[in-house]
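Please build the complex by placing chain B on the supplied structure of chain A, with the hints as guidance.
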Amino acid sequence: TQLLEQSPQFLSIQEGENLTVYCNSSSVFSSLQWYRQEPGEGPVLLVTVVTGGEVKKLKRLTFQFGDARKDSSLHITAAQTGDTGLYLCAGERGGGSQGNLIFGKGTKLSVKP
Amino acid sequence: ETGVTQTPRHLVMGMTNKKSLKCEQHLGHNAMYWYKQSAKKPLELMFVYSLEERVENNSVPSRFSPECPNSSHLFLHLHTLQPEDSALYLCASSQEAPAGGGTYEQYFGPGTRLTVT
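Going down the list, the sequences are from chains A and B. According to the working numbering, the first sequence is numbered sequentially starting from 191. According to the working numbering, the second sequence is numbered sequentially starting from 1455.
Keep in mind the hints are simulated off the structure, nothing from the lab. Where a beta carbon is used, it is the ideal one built from N, C-alpha and C, also for glycine. Treat the hints loosely; a few may be bogus.
Below, simulated EDC-like cross-link-like pairs (lysine to aspartate or glutamate); rule was C-alpha separation at most 16 Å, straight line [as the list claims (entries may be wrong)]:
| hint | chain 1 | residue 1 | chain 2 | residue 2 |
| --- | --- | --- | --- | --- |
| 1 | B | LYS1495 | A | GLU195 |
| 2 | B | LYS1495 | B | GLU1538 |
| 3 | A | LYS295 | B | GLU1498 |
| 4 | B | LYS1473 | B | ASP1539 |
| 5 | B | LYS1490 | A | GLU231 |
| 6 | B | LYS1494 | A | GLU195 |
What follows is a list of derived Cβ distance ranges for each label pair [what the hints assert, rightly or not]:
| hint | chain 1 | residue 1 | chain 2 | residue 2 | range |
| --- | --- | --- | --- | --- | --- |
| 7 | A | SER202 | B | HIS1464 | 23 to 29 Å |
| 8 | B | GLU1507 | A | PHE200 | 38 to 44 Å |
| 9 | B | VAL1509 | A | VAL218 | 20 to 26 Å |
Covered stretches of chain B, as calculated for chain A (at least 3 residues, CB under 8 Å) [to be verified]:
| hint | stretch |
| --- | --- |
| 10 | 1491 to 1505 |
| 11 | 1559 to 1568 |
With the rest of the complex left out, here is chain A (with noise of 0.2 Å):
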């Protein structure tokens, strides 16, 4: 059974500090998403990363992909209130087929004023 770890489960800090979530797995995935996901509403998609190795950044968020395409880490730099939520990893099976994703249960993140 393919299962995604996500540590911490729950993380509280104060804005403008730096934090960093993780997602491993002892399987192999083609690619890895993650998402945030805010109270009362479904998640939202942040990036997908595909090769191992890759970096990729949306603005203070910064994604990277393990090498063995096994795990993968979010640093948030100078987190702000507004990056309060749940982050949750889903890493793709490959096969082909539909509905191949396995998700992780998640970091709870708040970021206090």
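Relative to chain A, chain B alone:
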């Protein structure tokens, strides 16, 4: 309307009721999904429809019955649910990747918060 919409946003139902959840996508996608999101559990995929045909059913109890009349609409019919079925039900859509590759970037609706009493 843009993106993926879901109605109702909140639903409270008794165990003997019958209700339906509705999802509509305005993105021109050809695949749609139902997920269940419970506290302390990862998102659980329930059903997948690709080109209006059900392609996956992850051992979901028969009290949940999906329907996909066309590529833009998806329903989840609910009948004699249990309290443990209380959760956020999320609909998503994606564009089916070409054979042999592609990524399944899914676009989610806001969800229906279901409470079974």
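Taking the hints in turn, this is what the structure says about them:
1. With a C-alpha separation of about 12 Å, the suggested pair B/LYS1495 and A/GLU195 falls inside the 16 Å cut-off, and the hint holds.
2. A hinted pair counts as satisfied when its Cα atoms are at most 16 Å apart, and B/LYS1495 with B/GLU1538 qualifies at roughly 13 Å.
3. Simply put, A/LYS295 and B/GLU1498 have alpha-carbon atoms about 10 Å apart, close enough for the 16 Å limit, and the pair holds.
4. With a CA separation close to 13 Å, the supplied pair B/LYS1473 and B/ASP1539 stays within the 16 Å bound.
5. For the hint pairing B/LYS1490 with A/GLU231, the CA-to-CA distance comes to about 13 Å; that is within 16 Å, so the pair holds.
6. About 13 Å separates the Cα atoms of B/LYS1494 and A/GLU195, which keeps this hinted pair within 16 Å; it holds.
7. Between A/SER202 and B/HIS1464 the beta carbon distance is about 28 Å. The supplied range of 23 to 29 Å therefore holds.
8. Between B/GLU1507 and A/PHE200 the beta carbons are some 40 Å apart, a value that agrees with the proposed interval 38 to 44 Å.
9. Distance hint check for B/VAL1509 and A/VAL218: the Cβ-Cβ separation is about 23 Å, which falls inside the suggested range of 20 to 26 Å.
10. Residues of the stretch 1491 to 1505 of chain B with a Cβ under 8 Å from some Cβ of chain A number 7, which satisfies the need for three, so the listed coverage holds.
11. Counting residues of the stretch 1559 to 1568 of chain B whose beta carbon lies closer than 8 Å to any beta carbon of chain A gives 8, which reaches the threshold of three, so the coverage claim holds.
Violated hints for the displayed structure: none, as all numbered hints are satisfied.
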